[in-house]
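J.: Sequence:
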Amino acid sequence: MLIDIVEVKPLSSYRLFIKFEDGASGEIDVTQIVPFKGIFAKLADKKYFNTVHVNKDIGTICWDNGADLSPCVLYEMIKH
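First residue of the sequence shown: 29, per this note's numbering; consecutive thereafter.
Only pairs whose alpha carbons sit at most 27 Å apart, straight line, appear in this in silico DSSO-like list of lysine-lysine:
#1 Lys47 with Lys74
#2 Lys65 with Lys75
#3 Lys65 with Lys37
#4 Lys84 with Lys37
#5 Lys37 with Lys70
#6 Lys84 with Lys70
#7 Lys107 with Lys47
#8 Lys107 with Lys84
#9 Lys47 with Lys84
#10 Lys70 with Lys47
#11 Lys107 with Lys37
#12 Lys84 with Lys65
#13 Lys37 with Lys75
#14 Lys37 with Lys47
#15 Lys84 with Lys74
#16 Lys47 with Lys75
#17 Lys74 with Lys37
If you are wondering where the hints come from, they were derived from the structure by calculation, not from laboratory data.
Work out the full structure: start from the sequences and follow the hints.
T.: Take a look at the structure:
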């Protein structure tokens, strides 16, 4: 079951507050799931990392360089 992300807020230390359409929410430490290499290399720049936003068309968070994270993975991290 795919549940869309409806809100994201950047926090300190590469953490994000994420809220899903079913009301589930929590904080994610992106350093635990993303190596800052390849398409994710730009995210190492904290200022760029903070430009994260929700792409409503695909129901997940992304950055302008095309990097995105699976909402399923993020949902599981928050629920457990």
